[in-house]
Every structure is written in structure tokens, then in C-alpha cells.
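Peer 1: Spelled out, the chains give:
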Amino acid sequence: MTVRPIYVLAALLLVAFLPLVGDNYVLRLGTMFAMYAVLAQSWNIIGGYAGYPSFATAAFFGLGAYAGAILQGNGLPMPLAWLAAGIVAGLFAALMGAAILHLKGHYFAIASLVLAEVLLEVTTSWTSLTGGGMGLNLPVIRMSVEAQAQLFFWAMLGLAVLTFLMSWYVSSSRIGFALRCIRQNEDASSMVGVNTTFYKVVAFVLSALFVGSAGALYASWVFYIEPPDVYSVLTSVKPIVMVMLGGAGTVAGPVIGAAAFLVMEEVVWRNFLSIHSAVLGLLIVALIFFLPNGVLGFIRKRKRTGADHSKETAA
Amino acid sequence: MVPAAIEPTRYSMLYAQILLNGLVLGGLYACIAVGFSLVWGVLNVINILHGSFVVLGSYIAYFAYVHLGIHPFLSVILAGGALFALGYVVQAGLINRVVGAPVLTTLVLTFGLDLILNNGMIVAFTADYRTVQLAHPLGSTVVGGLVLPLDRLVAMLLACVLTVILYFVLVRSSIGRAIVAVRMDREAAALMGVNVKRIYAITFGLGALMAGAAGSLLSLIFPISPLNGSEFLGIAFIVCVLGGLGSISGAIVGGLALGAIQSFGALLIGPQHGLTIAFVLLIILLIFKPTGIMGRRGYE
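Top to bottom, those sequences are chains A and B. The first sequence begins at 1 in UniProt numbering and counts up by one. The second sequence begins at 1 in UniProt numbering and counts up by one.
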């Protein structure tokens, strides 16, 4: 028994009616949820399906944010800037992926973590283009505050739905099959004719495209970006926690995890402002010890106790 | 014509001075990284907590000096002991339970623990930068035209001594031999009667001890703040990849190399980019030679 992807899609579409019932605060939460859903689902492609511990999400997000902001600053219309930012992030992922995806385990994790660090330093140093440590302001949009809130909410939700469709497609296609093979035994899959390098790069690019666009959308949404904000290492870690929370390597898991994570984060921010990162840490520790396979894994285990565990990873 | 004859020697003196500064820094970097390398090599765990351990060591040295008047050089024992206990408890109580899990699990777990420790330090000590102001600094002396900052130099020598002690502990003591045995083959070591979980806890404790000791030496040189934790962690990463994982000599070579690279990089393109060059170098090394300068070894 699993949560069917179609239900998740329906739930996502239902969220689109949020502006009818909620005020701007609820809309802000909705936009955050959609953004988290994009990040978590994207990470799930490389981290969940292919099993590569990528910490590159912050690199893609920050690169997309800056690409979008700079393009918009040079007069490109907003939607085109978002699209272009996704492409920039995707190209970056293709180039870097070809270079670092031959690394395994910790070495890959560190290399992907360092990508964001290098981009952060480059962005901070390249003052003429990026404004450096001073940050970058985005062009003002002539629209009422309410209209803006709705616009960014729907745009981000649209992106989340697109990411969902991509993830759904991947899971049932040759790509998903190849990635699962790679996760289970990379050498063996290469031996039986899976082009592992190609599929790993594809997975890395897919995990970057939508994150790049989400970064650009975020930049337009908050009007002002600075390097430590968009390249924060937390941007890399949060999606991993969400996916672990929901269930890695599933279509529905990341979306459920993103929603659950947002609720917890909001509660923590409201009640424990000065120790919010410690509470996040506690959440992570508790998650690893008590829900190692995520909510979906937990449900599945309860539904068929005593069932063959090898099926669980194959499903 | 005379100035032209003088110029080369002046430049060579400048380079010698920069090299010296780099090596002094590098010795301390080696001390930061050696514990990180030990944990990574033996437990196959990347300890994200390591940077915060260093900072905690610095705080212990700071408060010991301010309140008890204990010189940071002596606090090495205090900070090392406290951090060993903390590391032992963390490994025995928490990380041991997931030590065989995939890379991602242990990475995310230590990240979560780091969030807790770092946030705890911010609440307890605030994020303000503090510095240890020695009542009787050793100052500096000039030898053969080179300026020797004595406090730094002693700190670096102590760091090297500690690293050498760790080496002899691993090579000579029975605990050290057990650590190396576990590193080489966990199952075989267990069959020989080695209590693997206990060895893991001791190894993690030793890693934390080295971090705490390095922190208390660094308290003389760098401002102390919980915000520095990630930078120390970054340094440990780079040193391990530069020098090669799993050997004391790798950490020393990597540390000295990083110190020299940072000093000359600061000269060439400005001090604020010192770490950037190191990170770029790290990526290039990972792509072309992920085993590092000294190659991957097993503390044999």
C-alpha cells in the first residue's frame, strides 16, 4: 500500500485555491511549501533514486537566484528570467556532474558541498556583476501587494507541479529504472549495459533545473538577495531532511515531507526563535533514530508486517 | 645598478617570510585536520561537528584564561580532556547506533548534532567575537631577517608535538593497534576480540580531543566565535583531501600545503580570497586525484 502519485497531484492542485480562503500570511506559507516541494523533489532524483548524497542544492538555488536577478536587472521579462535561470543551473550541473559524479560516498558529498562554497566566494568577489557582499536589489514590480503575493504563489506552485510531473515521469521511465539500478549496485548495472555516467549526469541535471528556477523565483519574490542567504548550507540540508521525512526514492514522499517539514519549521520559528536551529537539529536526530525510512516507509511497514523487505527497496 | 642587485634578495626574503607564516599556520591546520581524518578513516563518518569542537576548545581556553589565569598552552590538556569525554559520549550514545548506515545518514546526523551544539554555544556565549589578550605575550624576534612571532610559533610547535604523540599512540599503544586493526578489517578485528563499538567511541573521542586541543592553541591567534565553526570544518575537509585520507603524514603534508597556498594566495590576489583558492584547488584535486598527495592509507 503506497500513496498514489495521482492523489498527491490532486492535493497539489487543491492548494491552488488557497488565495480564496487565506490572507497574505497563509499565501506566504503556501509559497514556501511550493518552494520546499520543488527543492525536495529535485533532490530526490539524485539523492533518492540514484542514491548519491548530493549537497549541491544550495549551489543550484543560489546560481539560479543570481542568474535570474541579473537577467531581470538587464531588462529580461520575469518569466523568461526564471526559465533562463533554470537552464543556467542545468548547464552548470551538466558540467560539474560530468566532473564529480565519478566520486563516491563521502568524496562526492564533499565535492558537491564545496560547489556552493566556491560559488558563494565567486559571487561575493565579483562585485561589478553581483553587487558582492552588498547584495542585489531586483527591479520593482508595479503591482499591489496582494496581487504580487498571489502571482508568486501561483508561479511557485506551478513550478512544484512541473517538478512533480517530472519526478513522476522519471520514476516510471527508463531513467528511473537505471537510477534505481545504480543505487543498488553501480558496477553491476554498468556491467549489464546501463550507461551509468550518462544517467547520473541526467539525474544531476534534473535535480538542478527546477531548483535554479525556484531560486530565480525566490529572488523576484523577496526583491533582495545576498550571497550568504541564497548559498546557505541549510538550503542543501533541508531538502534532504524533507525527503528523509517523507520517504526517499518515492514520488509522493518528498511532497509529504516538504509539507510536514514546513509545519514543524513554522511552529519552531514561532515558539523558539533563538534556539530554532537547535530544535531543527533535534528534529534531524529524532528522525534518523525513529523514522529511518520516512513516513511512507513507516506506513508501508505497518501495512504489511512480516512482508519481504527486499521488495520494499525494489518497489 | 645597485638597487637591481638588492631587489632579488629583498624579494626572496619576502617570499621566505610568507612561506614561514604559511607553515606556522599550516602546522595548526594539520592539528585541526588530523582528528577529522582519523574519524573519517576509521569510522567512515564525516564528522560535521568537528568545527564546533574546535570552537568549544577555544572557549574552554578563553574562560580558563580569563577566570582562572591558566595559559592557553596549558589549557590544551583541559580542553582535550573535556572534548574527549564529550566525543566519547556522543559516539557511544548516538553515532554508534547508525555507524553502518549509508553515508547520508551519518552525515545528516552529525549535521543535526552540530546545529544543536553550535546553537547551544551561541545561546551560552553569544556570537560576539572574543580574543585572548595575554598579560605577558612572548612578542616576536628577528632571526636572519625573518620575523618570528613567538606565540604563534610555540602554538604551532605544540600542535606538531600533539600530532606526533597521536602518531605514537596509534603505532605503539594497544588501543592504537586496535584502532588500526578496526580500520583495516572490522570483522577480523572483532573476531580477534576487539570491542569494535568501544574502539569507535575512543577513536571519535580522540578526534574530538585533537579538535579541542587545536582550538585552545588557536584561541591565541584567531578571534573566537561559534560562527567560525564552519570555517574550521572547511579547513579540515581541504587538508584531508589535499594530503590524502587515513594517515597522520597526509594530514601534516596537507596542512602545511594549505597554509603555504593560503599565504601565497593572499599575496597574489588579496587576503580575502585565501580560502577560495583552497576550495577551487579542492574541487580540482577531487576531480583528478581524489586520493590526495600522499595517497589513501590505513594508519599502518
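Derived from the structure by calculation, the hints contain no laboratory data. No residue lacks a Cβ here, since even glycine has one placed at the ideal position from N, Cα and C. Among the hints, erroneous ones may be present.
[Stated by the list, open to error] Partial chain A-side listing against chain B, Cβ under 7 Å, derived:
no.	residue
1	Ala99
2	Gly105
3	Glu117
4	Met134
5	Asn137
6	Val140
7	Ile141
8	Val145
9	Val237
10	Ala278
11	Val285
Peer 1: Going through the numbered hints above, which ones does this structure break? Give me the numbers in ascending order.
Peer 2: 4, 5, 6, 7, 8
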